[in-house]
Amino acid sequence: MLRRFGEAGEWLGLATSETCGSALLHGQVEGQIGGLRLIKYGSKGYVEQLVALSDADRSMSWRIVSHSLNTNPYPAAFLNYRATMRLAEVTLDGSTFVEWECSFDTDYPSADLMRGALRARCESGIRGLATWLSLRGAPSGPPSWGSTGSPSSPSKKRPPVIGAVDT
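Reading the sequence shown from the start, the letters are residues 2 to 168 in the numbering used here.
Take these hints with a grain of salt, some might be off.
Beta-carbon label-pair distances, calculated as ranges [said to hold, decoys possible]:
{"#": "1", "residue 1": "93", "residue 2": "43", "range": "34 to 42 Å"}
{"#": "2", "residue 1": "90", "residue 2": "112", "range": "19 to 27 Å"}
{"#": "3", "residue 1": "108", "residue 2": "56", "range": "21 to 29 Å"}
{"#": "4", "residue 1": "44", "residue 2": "104", "range": "36 to 44 Å"}
{"#": "5", "residue 1": "136", "residue 2": "31", "range": "18 to 26 Å"}
{"#": "6", "residue 1": "95", "residue 2": "72", "range": "15 to 23 Å"}
These are calculated hints, taken from the structure and not from any lab test. Computed from a prediction, not measured in an experiment: that's the story for all the values here. Yeah, the Cβ is synthetic: ideal placement off N, Cα and C, and Gly gets one too.
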């Protein structure tokens, strides 16, 4: 999944009513550091660049870059967006914990609004990823959700925070 940087649109929209899509830009090579993809949410989107990919750490990092194709789908402007997704095996049951962190700069009045919008996007993206993996025949079992790097207890009655979003 991490090596499929250009295919994120296949799972990003599976847990939301939003139409999502993604594709590597012309001439880009899948999994190559520096590669560019266009992520679209409805009619808006932006270009992201793969900046790190580690099989050993089971992680990838990307950033939004300035590009003529960018049309911000978020409620406010932001700069210096960078995200990292890490996969970690949960020793207890062999499931995989997904951590998705993102950081960005925005004007102070919009900070809470943008944090909420990005958190919602990450949460629905991880739900979509779980659906995508189950449709592809990935091992079944409850996904590991949590915001601290540890799975949440199934006995908790509050809704899970999916993944980890550090904004």
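Checked hints:
1. 93 <-> 43: 34 to 42 Å: holds, 39 Å
2. 90 <-> 112: 19 to 27 Å: Since residue 90 and residue 112 have Cβ atoms about 34 Å apart, the given range 19 to 27 Å is violated.
3. 108 <-> 56: 21 to 29 Å: Since residue 108 and residue 56 have Cβ atoms about 38 Å apart, the given range 21 to 29 Å is violated.
4. 44 <-> 104: 36 to 44 Å: Between residue 44 and residue 104, where Cβ atoms are some 26 Å apart, the hint is violated.
5. 136 <-> 31: 18 to 26 Å: Holds: the Cβ-Cβ distance is about 21 Å, inside 18 to 26 Å.
6. 95 <-> 72: 15 to 23 Å: violated, 41 Å
Hints 2, 3, 4 and 6 from the list above are not met by this structure, while the remaining hints are.
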